[in-house]
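Numbering-wise, the sequence shown is residues 1282 to 1461 according to the working numbering.
Misleading hints may appear alongside valid ones.
Claimed, not checked - So the derived label-pair ranges between C-beta atoms look like this:
#1 I1296 - F1316: 20 to 26 Å
#2 I1310 - N1385: 28 to 34 Å
#3 L1359 - S1437: 43 to 49 Å
#4 F1370 - S1309: 20 to 26 Å
#5 F1316 - P1375: 15 to 21 Å
#6 I1296 - L1413: 16 to 22 Å
Said to hold, decoys possible - DSS-like, lysine-lysine: derived pairs with alpha carbons at most 25 Å apart:
#7 K1380 - K1457
#8 K1457 - K1373
#9 K1346 - K1387
#10 K1285 - K1346
#11 K1387 - K1457
#12 K1372 - K1457
I should point out that these hints are in silico values taken from the structure, not numbers from a laboratory. Even for Gly, the Cβ is constructed at its ideal location relative to N, Cα and C.
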Amino acid sequence: PLGKILRLLFFFLEIFFAIMLLLSGYSSIFSPSIFPLLSLLGLAFPAFVVINALFLMLWLLAYPKYCLLPAAALLLCLAPLRDYCPVNFSKKPPEDAIKIISYNVKGFGFAPKSSKLNENSQAISDYLNQSLADVICLQEATGGGKIQDLVNAAMSAYPYQVWSRVKQNVFVCFSKYPIL
């Protein structure tokens, strides 16, 4: 009798977690202004996926006929799972594709008190040059004159530039095309 009670307890727990998986997986279709707690449930989606996968393995090992529920719940959540963890197989981009890089350079690793560039500054600059991007957007591109000189030298292939400052942060976009 104790084994039967435990099995029923685990089965009802699985029903609960299967429902929670479905609600968390599809929580994005509910309006947060109407269902605020349900919209927060989406944050627990990865945990519910793991719990249901563990239940699936448990039932496969112990009682295979009970594995239908976690398997169905996981299958029904394949679409949200693909949204959460997209799997993209690399394929060659179209010939007319535009390559865009957005990068937070965190001041290029510049230490204001030392007044010199460190190895990160040159490494970031080299990476941006080797990327062959059509548009490069940088956040936190601060650091003073030496950084400005480094950025200007590195981005000489980009004739179109827009620099913007918001408080202490500098945002800059470089483009090979007049789209800015």
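Verification of the hints:
Separated by about 21 Å at the C-beta atoms, I1296 and F1316 satisfy the suggested range of 20 to 26 Å. A hinted range of 28 to 34 Å for the beta carbons of I1310 and N1385 is consistent with their spacing of about 32 Å. In this structure, L1359 and S1437 meet the distance hint of 43 to 49 Å, their C-beta atoms being roughly 47 Å apart. A hinted range of 20 to 26 Å holds for the C-beta pair F1370 and S1309, which are about 24 Å apart.
Hint check: F1316 to P1375, Cβ distance near 40 Å, so the stated range 15 to 21 Å is violated. Taking 16 to 22 Å as the suggested C-beta distance range, the pair I1296 and L1413 does not conform, at roughly 53 Å. Among the hinted pairs, K1380 with K1457 is consistent with the structure: their alpha-carbon atoms are about 11 Å apart, no more than 25 Å. With a CA separation close to 21 Å, the supplied pair K1457 and K1373 stays within the 25 Å bound.
Taking the CA atoms of K1346 and K1387, the gap is near 54 Å; set against the 25 Å cutoff, the hint is violated. Note on K1285 and K1346: the hinted pairing holds, with a Cα-Cα distance of about 15 Å set against a maximum of 25 Å. The hinted pair formed by K1387 and K1457 meets the criterion: a straight-line CA distance of about 23 Å does not exceed 25 Å. Proposed proximity of K1372 and K1457 is supported: the alpha carbons are some 24 Å apart, at most 25 Å.
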